[in-house]
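J.: Chain by chain, the residues run as shown.
2 protein chains.
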Amino acid sequence: MKLFAADKLRQLGVEIFTAQGLAREKAEFLSGTLVEANLTGHDSHGVTYFAAYSNRIKNGHIDVNAEPEIVKETTNSALIDGHYAPGQVTAKHLIEVAVEKAKENVVSAIGAFNCNHIGRLGYYTNWAAQQGVVAMLFVNVGGPSVSVYHGMGKAFGTNPFSAAVPTGEAKPFLVDYATSMVAAGKLSVARAKEEKIPLHWVKDKDGKPTDDPRATREGGWLLPFGEHKGYCLQLLTELLGAVLTGSRVGPDPDRVPPSTNGVLAIALNPDAFVGLEALKQGTDEIIDYVKNIEPEPGERVLVPGEPEWESKEQRLRDGIPIPDSTWEQITKLCEELGIDPEL
Amino acid sequence: MKLFAADKLRQLGVEIFTAQGLAREKAEFLSGTLVEANLTGHDSHGVTYFAAYSNRIKNGHIDVNAEPEIVKETTNSALIDGHYAPGQVTAKHLIEVAVEKAKENVVSAIGAFNCNHIGRLGYYTNWAAQQGVVAMLFVNVGGPSVSVYHGMGKAFGTNPFSAAVPTGEAKPFLVDYATSMVAAGKLSVARAKEEKIPLHWVKDKDGKPTDDPRATREGGWLLPFGEHKGYCLQLLTELLGAVLTGSRVGPDPDRVPPSTNGVLAIALNPDAFVGLEALKQGTDEIIDYVKNIEPEPGERVLVPGEPEWESKEQRLRDGIPIPDSTWEQITKLCEELGIDPEL
Chain A
24 MKLFAADKLR
34 QLGVEIFTAQ
44 GLAREKAEFL
54 SGTLVEANLT
64 GHDSHGVTYF
74 AAYSNRIKNG
84 HIDVNAEPEI
94 VKETTNSALI
104 DGHYAPGQVT
114 AKHLIEVAVE
124 KAKENVVSAI
134 GAFNCNHIGR
144 LGYYTNWAAQ
154 QGVVAMLFVN
164 VGGPSVSVYH
174 GMGKAFGTNP
184 FSAAVPTGEA
194 KPFLVDYATS
204 MVAAGKLSVA
214 RAKEEKIPLH
224 WVKDKDGKPT
234 DDPRATREGG
244 WLLPFGEHKG
254 YCLQLLTELL
264 GAVLTGSRVG
274 PDPDRVPPST
284 NGVLAIALNP
294 DAFVGLEALK
304 QGTDEIIDYV
314 KNIEPEPGER
324 VLVPGEPEWE
334 SKEQRLRDGI
344 PIPDSTWEQI
354 TKLCEELGID
364 PEL
Chain B
24 MKLFAADKLR
34 QLGVEIFTAQ
44 GLAREKAEFL
54 SGTLVEANLT
64 GHDSHGVTYF
74 AAYSNRIKNG
84 HIDVNAEPEI
94 VKETTNSALI
104 DGHYAPGQVT
114 AKHLIEVAVE
124 KAKENVVSAI
134 GAFNCNHIGR
144 LGYYTNWAAQ
154 QGVVAMLFVN
164 VGGPSVSVYH
174 GMGKAFGTNP
184 FSAAVPTGEA
194 KPFLVDYATS
204 MVAAGKLSVA
214 RAKEEKIPLH
224 WVKDKDGKPT
234 DDPRATREGG
244 WLLPFGEHKG
254 YCLQLLTELL
264 GAVLTGSRVG
274 PDPDRVPPST
284 NGVLAIALNP
294 DAFVGLEALK
304 QGTDEIIDYV
314 KNIEPEPGER
324 VLVPGEPEWE
334 SKEQRLRDGI
344 PIPDSTWEQI
354 TKLCEELGID
364 PEL
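Chains A and B supply the protein sequences, listed in that same order.
Once you know that position 326 of the first sequence is 349 in this note's numbering, the rest is easy, because the numbers rise by one and skip nothing.
Once you know that position 304 of the second sequence is 327 in this note's numbering, the rest is easy, because the numbers rise by one and skip nothing.
Since the hints were made in silico from the structure, they are not lab data.
One should not assume that every hint holds.
Given that identical chains are not distinguished, each listed pair holds provided it fits within a single copy or across any two copies.
[What the hints assert, rightly or not] Under the rule of at most 25 Å between Cα atoms (straight-line distance), these lysine-lysine pairs were calculated in the BS3-like manner:
1. 126 <-> 95
2. 314 <-> 228
3. 95 <-> 209
4. 25 <-> 216
5. 49 <-> 25
6. 314 <-> 177
Okay, chain A solo, but in the shape it has when bound (with noise of 0.2 Å):
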């Protein structure tokens, strides 16, 4: 494990994604919202994609020279055809059209099909509340790993769900989750680590509570969060996310793996409603409530968004902590494309 300085990777992203045709800008984009994933916490979605993605590449899946383009459109909608560019790409246009939609018509819904990986969602409905815009994203995944509720078997992906709310901070209320348990991502971390998890988060193949995170690679499966009601937003974000926008349902024949991501975004203008500084105020008014409540003891209460802040700044000034085979991994993928991984 290394610490490395954010913007050290980002421009060693830049150079690994131009290295394979992607123009500076967009690599620019995709390698910035990789590295924020690392600084925000979510090392499942960060750096460990720039090997993922140059395979994807590399195999046709992701194609650097696609643009994303809208098939259909209204003042306050429209449907994107990601046309396999990289899914950053894509879920940038989606939220930045979503949020001037929103800002001209009060209310928009975008979609997106033919897209591929987005990486981390609150790096996009962030975005969109520092503009001043209320942003959902319902984002559908394919490769089963989830089960449905009192259900055997994997039946869908993660189906992540991210919201957020503008606030007076510039830090924005920001949900973001899978729809099950815990991300894909928890259970490598386990596996790399050796750890056992807790029992309510996956079961075996026969259908049995398990603490062996490697369990969901031997026929076990992910279980939805929040039994029911969690259940009930899994399958929600797989309509909302694919159903809705002619995305893929299901597994992908032709292009699995990795398949793509159906997406949904609903960006809400405050002006409609009681203005954004009202609603800026409101919330700050929130936040400040739930942080005086007395916590559990031995525990926090944090507020949405609160732990990837927290993590921000801690990484901006320590650096992002890098597992030996990520870094590996990163170097070899350098050598190959003749950059030098210490720039």
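Could you slot chain B onto chain A? The hints should help.
T.: Just chain B, lined up with the frame of chain A:
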């Protein structure tokens, strides 16, 4: 416990509310939504409110003569002042405007404040889906009963969320739940039956898990569902339902109990995306896929909305069971109003 035909209860509700000055058309809607809650199995939101709402009318919390009024409007948004009309009257207006604007302008967002208790959310989202639009409701509820994740004490109401998606069968995919482990009504039912509750629903006044449903009346509190993930939805619902709409946040000293509901509806016209027929077909396919998943031994895999449809079919056939104590309240109310409860 006696069984009653839905029609009879509905008619009785109409008599009860018109006797207190509510216009017949509104009384029919109000009574209809309450009986529909019983039919769909949500007795906590059913005819038990004949007496509760009558008290609120008597105490001036519900104004039977008030009309909800749009105080801010664009082509795809509206903000409604409920003027303390019956909450169902305001919510009916809200969802009708949401559907109309979504049909005309693809996506809409409608908020309401000064809105009394709107009852079962699923009534409105389900209706919207039957009109061919996707609908979501975010509702804040006062009268704190639920803690925040890792916090001590009651912090927020049960802040429910609902979403519905059209299907081919006129039985929409329907999500409708409190963001607490269970709705407060489930505790009342357990108390009435003198039953224990699961240990992960409630904490007692000292923050210890308890199986005693009376604990929330003795300084204890309900927990948000799904650990930090349900907690995020609990806060999001407060922000969208109340802060964004300018509704009451936290307890309302002048008017509680009962406190108002802050309501935000979002409606999406599938024509902006794959279109209604493709959405219905795709949703049906997902439902079929889920229904064909092998259940865990001794369990069933249910689709969101299915328990409600099953209950409705059974109760339309066999009648709605009404506890003696509820029926006594209703007959007492009828006596006061000079109505024959046997009609």
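J.: Against each hint, give a clear statement of whether it holds in the structure.
T.: Evaluated hints:
no.: 1; hint: 126 <-> 95; in the structure: both (19 Å within a copy, 16 Å between copies)
no.: 2; hint: 314 <-> 228; in the structure: between (42 Å within a copy, 20 Å between copies)
no.: 3; hint: 95 <-> 209; in the structure: neither (37 Å within a copy, 46 Å between copies)
no.: 4; hint: 25 <-> 216; in the structure: within (16 Å within a copy, 60 Å between copies)
no.: 5; hint: 49 <-> 25; in the structure: neither (27 Å within a copy, 68 Å between copies)
no.: 6; hint: 314 <-> 177; in the structure: between (38 Å within a copy, 14 Å between copies)
Comparing the model with each earlier hint shows violations of hints 3, 5; every other hint is respected.
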